[in-house]
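Asks: One letter stands for each residue in the lines below.
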Amino acid sequence: MNVVRFELNGQQVEVQGGLSILEAARQHGVKIPTLCHHPDQRVKANCRVCVVEVEGQRNLVASCATTVSEGMKIRTNSSRIRETVQTILELIFANHPQECLTCVRNGNCELRRLAADYGIREVKGESSCLNLPLDTSTPSLVRNPNKCIKCGRCAEVCHHVQGTGILYSNYRSVDVMVEPEYGKSLAEVACVLCGQCASVCPVGAIHERDDISKVWKALDDPEKHVVVQVAPSVRVSIAEEFGFPPGTIATGKLVAALRKLGFDRVFDTDFSADVTIMEEGHELLQRLQTGGVLPMITSCSPGWVKYIEHNYPEQLAHLSSAKSPQQMFGALAKTYYAKKAGINPADIYVVSIMPCTAKKFESQRPEMSDSGFQDVDAVLTTRELGRILKQAGVDFSVLEEASFDNPMGISTGAAAIFGATGGVMEAALRTVYEVVTGQELVNVEFSAVRGMEGIKEAEVDLAGSKVKVAVAHGLNNAREIMDLIKEGKANYAFVEVMCCPGGCIGGGGQPYGTTNSVRQERIASIYKVDANLPLRKSHKNPAVAELYDDFLGKPLGELSHHLLHTKYKNRGLHKLKG
Amino acid sequence: MQISVREIINGMEGKQALLQILLAVQDASPENYVSEDAVNDIAYMLNVSRSRVYSTASFYSVISLKPRGRHIVQVCINAPCENAGKQEILAVLEDQLGVKLGETTADRQFTLEGVSCLGACYVSPAIKIDDRLYGDLTPELVVSILREYQEEATALDCNAS
Chain A
1 MNVVRFELNG
11 QQVEVQGGLS
21 ILEAARQHGV
31 KIPTLCHHPD
41 QRVKANCRVC
51 VVEVEGQRNL
61 VASCATTVSE
71 GMKIRTNSSR
81 IRETVQTILE
91 LIFANHPQEC
101 LTCVRNGNCE
111 LRRLAADYGI
121 REVKGESSCL
131 NLPLDTSTPS
141 LVRNPNKCIK
151 CGRCAEVCHH
161 VQGTGILYSN
171 YRSVDVMVEP
181 EYGKSLAEVA
191 CVLCGQCASV
201 CPVGAIHERD
211 DISKVWKALD
221 DPEKHVVVQV
231 APSVRVSIAE
241 EFGFPPGTIA
251 TGKLVAALRK
261 LGFDRVFDTD
271 FSADVTIMEE
281 GHELLQRLQT
291 GGVLPMITSC
301 SPGWVKYIEH
311 NYPEQLAHLS
321 SAKSPQQMFG
331 ALAKTYYAKK
341 AGINPADIYV
351 VSIMPCTAKK
361 FESQRPEMSD
371 SGFQDVDAVL
381 TTRELGRILK
391 QAGVDFSVLE
401 EASFDNPMGI
411 STGAAAIFGA
421 TGGVMEAALR
431 TVYEVVTGQE
441 LVNVEFSAVR
451 GMEGIKEAEV
461 DLAGSKVKVA
471 VAHGLNNARE
481 IMDLIKEGKA
491 NYAFVEVMCC
501 PGGCIGGGGQ
511 PYGTTNSVRQ
521 ERIASIYKVD
531 ANLPLRKSHK
541 NPAVAELYDD
551 FLGKPLGELS
561 HHLLHTKYKN
571 RGLHKLKG
Chain B
1 MQISVREIIN
11 GMEGKQALLQ
21 ILLAVQDASP
31 ENYVSEDAVN
41 DIAYMLNVSR
51 SRVYSTASFY
61 SVISLKPRGR
71 HIVQVCINAP
81 CENAGKQEIL
91 AVLEDQLGVK
101 LGETTADRQF
111 TLEGVSCLGA
121 CYVSPAIKID
131 DRLYGDLTPE
141 LVVSILREYQ
151 EEATALDCNA
161 S
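Protein chains in written order, with the working numbering: chain A, 1 to 578; chain B, 1 to 161.
Careful, some of the hints might be misleading.
Claimed, not checked - Pulled from the structure, derived: some chain A residues nowhere near chain B, Cβ distances all over 12 Å: (1) Arg58; (2) Gln86; (3) Glu179.
Stated by the list, open to error - Listed next, the stretches of chain B that the computed footprint assigns to chain A, with coverage defined by at least 3 CB atoms under 8 Å from CB atoms of chain A: (4) 46–52; (5) 55–62.
Since the hints were derived computationally from the structure, they do not count as laboratory data. Computed from a predicted structure; not experimentally measured. Using N, Cα and C, we set each Cβ at its ideal position, and we do this for glycine too.
Sequences are here, hints too, so could you generate the full structure?
Replies: Take a look at the structure:
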């Protein structure tokens, strides 16, 4: 790699070639402020708060969009720069509601942090804030156009990572609005509610719908038996809400914290993830043996399910009919658990802790009520869990580790890895291999399906017959595989798709600051959780065996079919009118 | 029968650029605009998101996303025409057509628009009706120009009925 020498604030320094001034300065301990910049996104250069002086250039330059070159003389801190940045911030504030105290981003707003750093004490000039209605059309997200600073991060992730193409910049100049076409609500367009826009928004312009008060109400109701389930990926991300580094494994503290909140039972979505593998694994075998529709595609990710319903409705037969672990848990909590514990299911209230905003939508799908009640009553994202714990005064750092309750708290490593891209595939292969071959799988780690590569492929030998599988995460990658399937060019038997980059550990409901490097940390920890568990195959879970013996019968049996499988809806929008 | 977006795009030569398609679709529309159905069809044909098509269409003032009259009357609102008597010309247009700037007549024959510079400062004050430029205007001239279009519209209506 070539080395570039340049002068930074009067000091001679060097970096590898090709870096922007912003990146080069950061490597030398100089933090240039940013707003529209995001480490995983293309350069947008529209907020201008990262301007610096380059000797020989008349105007200040955007450091995010200027490559550092040999001999460059750069100043990042001068009165001219400070005054310019202050003016830019004041202009942004003039269009931004001064509602910081009551804003959902209070405490983690990037604009507010800059205001603090730059000592903004008054908003000069005339304030001209919009007063448009909020978009509360979906159960998952709330869009507040008044707080949008038009940085374009949401549009970037919506188009170039997810390929959903919902949010984009409309109109021009001072009239610019980042929104769906014709200013439509999110419910009127093919939004999958993944929440990646909310994850990258620097301010409070789009965020998860806050369901904390619903959960408090249930917890405060003495008539309700309130049970909680926690998704696999939350145990490696919740600690970030309390200042711990990304990738901190906090399973025991998480259970203890939930108990402190007052839940009657603290259960684990990992349990129902093992059940998912039993159902989905056997469905795959059935399709392979009876000439069913292949490839079979996973259906755990509600954003992905909504995406295929909108964009590839003619391919819905490829989706596994198995419900997601969240919904299997809900259906079982109000039937199996209710019966076992002798509790009237009408009194059971199921709360999910999920890394995901689309899970809120999934829980409210009308067909998700096979227990005779809405199977999952409320869904909190990891971020909301952080907030409710703070409201309750739970000091995460001093909690003693605790264990999940039985029976729906027992799980395996196969379930834990559901949280990472490739995890469902690997978990399914561990079970399917043993069911098909009747032999013990010694090396349970399928490394070919692990990691952050967009599309991963592997070939597995199942008792002499080779089976090709693929894994995709992020909907742009899913689209590539779907186009192959549509054209009849995919020779896979089984495909895993996760809506969000990195899988659930990178979900739209995870703590702010989720970048690809943070995703890597969380993925590494997920595999550590798996490796440290005594049981690593779903079909070896004794609680799952008991569930089938005492209640369900067998995978794909009549009761399983009723409680644990579902149907999908054609939400096709793209039809040529003319 | 109106020509479809598919036919317009398939009939275009060379690279199918979004702005060119939007202009062609607008030209083919009897109401001089790009409808929501057309936005959706263009997105489908180009395999891009509807929001991207809408974004481009809403960025350029030359594209209208609202139905307009059969004839677009554009009045230059920049300084040279202003100094040369644009106010008077605009007043006559508004009076004759019975609409304000930005509005469409009830019979959907005319839409009156203000534009920035028609590139005809040498004959200011100037207006443009559809593709035709009219300069060195006086109030009387405006009335007679408009009458031609109005008579043509009446003739068309008589033929139709």
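Asks: Each hint: holds or not?
Replies: Hint by hint, here is what the structure shows:
1. Against the 12 Å criterion, Arg58/A stays outside the reach of chain B, whose nearest CB is about 28 Å from its own CB.
2. Residue-level check passed: Gln86/A sits 30 Å from the nearest beta carbon of chain B, beyond 12 Å.
3. Distance check for Glu179/A against chain B: the nearest CB is about 8 Å away, which does not clear 12 Å, and the non-interface claim fails.
4. Residue count for the stretch 46–52 of chain B with a Cβ under 8 Å from a Cβ of chain A: 5. That meets the three needed, and the coverage hint holds.
5. Residues of the stretch 55–62 of chain B with a Cβ under 8 Å from some Cβ of chain A number 3, which satisfies the need for three, so the listed coverage holds.
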